[in-house]
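**Student:** One-letter residues, chain by chain:
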Amino acid sequence: MKKNIFQISPSFYDVMPAEYRELVENGPFEKKVGVSDLGAFKELSEEHPLCAGCGLALSLRLILASLPNPEDTIIVGSTGCSAIAFPQVAVQNIHSLFGNQNAIASGVKRALTLRFPDKIKDVVVIAGDGATVDIGLDMVMQSWFRQERITTIMLDNEAYANTGGQESGMSQEGAVLHMAPKGKTFPKVSLPELARASGCVYVAAVNPAKPKKLEKAIVRGVLAARELGPTYIQVFTPCPTNYKFKPNETIEKIKMRVKEGTYETTEFISAEAQELFARLEEGKK
Amino acid sequence: MAEAKPVLMQGNEACALGALNAGVRFYAGYPITPSTEIAEQMAVLLPENGGVFIQMEDEIASMAAVIGASIGGMRTLTATSGPGFSLKQENLGYAIMAEIPCVVVNVQRVGPSTGVPTAPAQGDVMQARWGTHGDHPIIVFSPASVYEAYYLTIAAVNLSQKLRQPVIILLDEVIGHMREKVFIPEAGKLLVEKISDHVPADWKPYDEKGLTPLVPFGFGHYYHVTGLFHDQYGFPTGDPPQVERALDRLHAKLDRYRDEIVLTNYIGHKEPRVAIVTYGCTVRSARSVVKRAFWQDRLPVGLLSLQTIWPFPAREVEALAKQVDVIIVPEMNMGQLVGEVDRYACGQAKVIPLNRYDGEMITPDQMFELVGRWLP
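Keeping their order, the protein sequence lines are chains G and D.
For the first sequence, position 4 matches number 4 in this note's numbering, and the numbering has no gaps at all.
For the second sequence, position 108 matches number 108 in this note's numbering, and the numbering has no gaps at all.
Accuracy of the hints is not assured; some may be wrong.
To be verified - Straight line, CA to CA, 30 Å or less: simulated DSS-like cross-link-like pairs of lysine-lysine: (1) G:LYS246 to G:LYS259; (2) G:LYS212 to G:LYS119; (3) G:LYS31 to D:LYS204; (4) G:LYS259 to G:LYS216; (5) G:LYS119 to D:LYS204; (6) D:LYS162 to G:LYS119; (7) G:LYS182 to G:LYS255; (8) G:LYS119 to G:LYS32; (9) D:LYS204 to G:LYS32; (10) G:LYS212 to G:LYS285.
Unchecked claim - Residues from chain G that face chain D, not an exhaustive set, calculated with beta carbons under 10 Å: (11) THR79; (12) ALA83; (13) ILE84; (14) PHE86; (15) SER106; (16) VAL123.
Derived by calculation from the structure, the hints in this document are not laboratory data.
Glycine residues also receive a C-beta, built at the ideal position from the N, C-alpha and C atoms.
Okay, chain D solo, but in the shape it has when bound (with noise of 0.2 Å):
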């Protein structure tokens, strides 16, 4: 097998790269800062790839271009910050209603509103999760590398297509606009899940019995799109127990593929006393903390990084709030997941958050002198 080639980039390449060799060749987007050179890199590598880059006039319309070429059987992606995320959230839930696929990353800057465009910040974690009306599943990575920007967004559009879910990229502006080495496999080395244009005969739409791949517009089926409450054959219905059940079929096909879609990551001492639960370009300093404190001092120190936010990572926090005293839940926000954290860890160990919104990083200094405080 040929090495990996490591290349030098910034977050927000890879994560175009990793869109592109994942087979998204459908993009349309609108520029804002810091998440620009998504669009702009893709302007240049759609059109050399057989595939299509729009920029469109706002980012809701960018969204529903992505969602009618996801329909009309391409994988899409597009990408926003703050205000463009918020403009965004309807058609965001109408892809979730109507099981079309799509890769949505928001690079996030300090809000609410305009706030600070060129600073980062993990202000919406919480807007991921519910900013779309309704009680809907949705996926939400968190990467806190360059390289996990390239294979999280692979995963992305993978888990997307099978799913026929949309899957949010929570970039923030540090990991957008980082450069650091990524190995990028050849072509042909890349997995990349195909799912068949052509299915069977007794195929529907919204099938009941469970997950059915999405077959395009053209290809000999029709059948109906709408965000209204539908039938397994996509016809509008409002009838309570049909609802129920189309709502819990939406919920039902996350609980299922749970292990492919939660990601973490536990690096650090065996049997911590205190840990770090993170994500994002937190988890840089956190890192610096490990080590520090585990790696040189060999202190009982462990961080656990969560590369998946949402569906939350509830099976790994209840299993390391059952090993330590203290939990630190440090955000660029004024304390997102820590309230998720804290209702996992049930208890069982202290969790404290750490909260930074200056636009400014949490330092590793900043997280040591803390983790010293409660180390026995």
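So that you can see chain G by itself, here it is in the shape it has in the complex (with noise of 0.2 Å):
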């Protein structure tokens, strides 16, 4: 990320909270970092507002520490809780209408690669699981049998928690939310083999309690859109005011989910993928 955008006007200087100073003096910016080395400063400025304990903040935070090159990375972004905390991002961002991301990001794309035929230019859709799989899922699933290179990851609260709680595609079987409030009556959309199905050439669903194992999803997530085509990640990011648990319980609930077997880790690698990875840290030694 550049740090120029960051600057701290002096008279404000003392005024400006610990994090904020951290962040411009000790942050990222223009460095190689990855999320081992995230400090005590935050990506996301002091003031986002997003509630306490919030599995997509935790998420956001990780993800933006993970991607290979933030400095010429386009984020799109759609309406619901990602959407106000994106604006306190220092990446390019775009927050396009709500299910439009996809579309949006094929132009963005297409129109980089002409115009900079010699840089990279990574387009990464970030967008919750309402924007991705209920009202945006025709757009996300033509861009990948467009095969356009861009990287798509659903941050998936399993919830509308923008408009108070409402049940998504991708809420379970049986969740009680607004709007069902005798339980969802149809099962969680399996998106991630949709998206093997649909041409996804890397596929991972992943969640902040391995924060490791996430950056390594959104690196080769990534760098595989970058090279071959379309890539997907989910990200479990369990959302403690809708479904009411303590803030502090968040990746608790999500290890609970995972042991459980209600929500699985997966990673799907294509053939072309399997041999660019191979290459690339071939490359590395």
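Quick one: dock chain against chain with the hints and give me the complex.
**Tutor:** The structure is reproduced here in structure tokens:
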């Protein structure tokens, strides 16, 4: 991320939150860092409006720290909880209309490929479960069919959280939410499988309880999209506000769901992606 | 200067070629009658000229992809007809709000709904103005010939870039499918305004001081693009004074460049008593009336044709109303722009609608008969 957009006016220096000063002085800007280098600073500035214990805020922080090329990454988001955090993020960002994120990203990616033939420009879609699997599913899948070289990341909190907790396609069957007072009547959509069938070269389902795994998936997802074709990463980001658990229990919730087998972590690497990753590993040595 | 070459072409083709010559290198669209030829032309022309053509899954995605490509620094076009134009409305509002240039062509057909897909109409005049929600400004051109389809598309691309404002071209099935002669200037003779990618260091994406060029993503400026009300840095805000200021700013852009945007053309008697005010294909029949009534019979008849219908040419209509007794407004709908004409005629002239909405053109005879009734 560029440092020059994060400058504090000298007269306001004293009143800025400590985390913000830390971010400006010791932040990850223009350094190659990963999730294990994260310090006290936050990539989202301190006043982001997400709730305490929000799995999405934590995941977003980890995702941003994992981006291999943040200075030249364009993030396309969509309406929802993630959208209200994005303005606070120091990367180029488009808040698209609800569900349109993958179509906007397709346009951006094609334009940048044409305008910057010699430069790497990563286009990463980060949107919630409602935007990805419900309202935006056609545009998400069509971008995969067209083999657009974009990374699609879903922040799955299993509900429409920003509107107060209604069921989404990603809610579990039986989940009691607003507009589903007697429980959701159909099962959670298996988007990783759909992604695989729709031509994604790399698919992963990860969670912030395992930051290193999440980082690896993001890096792989972005690199494979850069070279080969569409990739999909699903991140489980439980919502304490709408699923009514304590904010400090988010990570435990994830671990519990993984243990009981109701939220699988998976990884699919296509043969061509396998080859690419091996080549990149080789290059590092 | 080399002579411009005459070429026989269709309105839809002229629109595609005009866009290409104005620097459009990105098209995303979905086939829909009677606009499909524009997309088909672009599918051939763009790859040949180093551009990108994508057939998208629907009109919503087409509009979204066009917006994305504009943010990535391309000049963009998409075309559709009534049903697809309805689908594009939400993203059209987004482009207005986020100040993303793009040109949207709507080749009108008979509506509502699926209507008569192959028959002409002018029923989307008010939708073009107010189709997307909120108090937005909009620019709408309505070409009356293949020649105008070509040049107004170029004007639309230029204005859209300059003002960072979507521009709509309301063609109709008649102009879209009609073939006639167009003079295409040789390469390099065309006025294509170049907006620089490189701008001063103190550039702000939505500068309160006024118009700022769009700096595409990738040119070193980091900002947030959103359909929410935002401050001059693109940061979302709900602060009442900032919201008001931002909306005023959107409208002020168009007010300031009004004379470049509003294009009209008057032909006929110098001191007319009866005038026709119309736009699009209906101008063709009206011209024939003027030819007969004025050029042949020297009757006090005139025609004000509107190439721009939104922002409405209020000044021109006001001036005309002071001169004439009667203004006739032929439209291929149940009466849409006639309300605006009446509003700006301010009681100075009697305003009479002439409507037809059966999918057939208003004939010169129909118009001539009505004009004759009001002549002194």
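**Student:** Each hint: holds or not?
**Tutor:** A quick look at each hint next to the structure:
Note on LYS246 (chain G) and LYS259 (chain G): the hinted pairing holds, with a Cα-Cα distance of about 19 Å set against a maximum of 30 Å. Taken as a hint, the LYS212 (chain G) and LYS119 (chain G) pair is honoured in the structure, with Cα atoms around 28 Å apart against an allowance of 30 Å. Among the hinted pairs, LYS31 (chain G) with LYS204 (chain D) is consistent with the structure: their alpha-carbon atoms are about 26 Å apart, no more than 30 Å. With a C-alpha separation of about 21 Å, the suggested pairing of LYS259 (chain G) with LYS216 (chain G) holds against the 30 Å cut-off.
For the proposed pair LYS119 (chain G) and LYS204 (chain D), the alpha carbon gap of about 25 Å is at most 30 Å, so the pair holds. For the suggested pair LYS162 (chain D) and LYS119 (chain G), the alpha carbons sit about 27 Å apart, so the restraint of at most 30 Å is met. Distance restraint check for LYS182 (chain G) and LYS255 (chain G): the Cα-Cα separation of roughly 27 Å lies within the 30 Å cut-off, and the hinted pair is therefore satisfied. Of the pairs offered as hints, the one joining LYS119 (chain G) and LYS32 (chain G) holds, with about 18 Å between alpha carbons and a cut-off of 30 Å not exceeded.
Distance restraint check for LYS204 (chain D) and LYS32 (chain G): the Cα-Cα separation of roughly 28 Å lies within the 30 Å cut-off, and the hinted pair is therefore satisfied. For the suggested pair LYS212 (chain G) and LYS285 (chain G), the alpha carbons sit about 20 Å apart, so the restraint of at most 30 Å is met. A cut of 10 Å between beta carbons decides the hint on THR79 (chain G): the least distance to chain D is about 9 Å, and the hint holds. Taking 10 Å as the C-beta contact cut-off toward chain D, the hint placing ALA83 (chain G) at the interface holds, the least distance being around 8 Å.
Taking 10 Å as the C-beta contact cut-off toward chain D, the hint placing ILE84 (chain G) at the interface holds, the least distance being around 8 Å. Taking 10 Å as the C-beta cut-off, the interface hint given for PHE86 (chain G) holds, the closest approach to chain D being about 7 Å. Contact between SER106 (chain G) and chain D, as hinted, is supported at the beta carbon level, the nearest pair being about 5 Å apart and thus within 10 Å. Nearest Cβ of chain D to the Cβ of VAL123 (chain G): about 9 Å, under the 10 Å cut. The hint holds.
Checked against the numbered hints given earlier, this structure breaks none of them.
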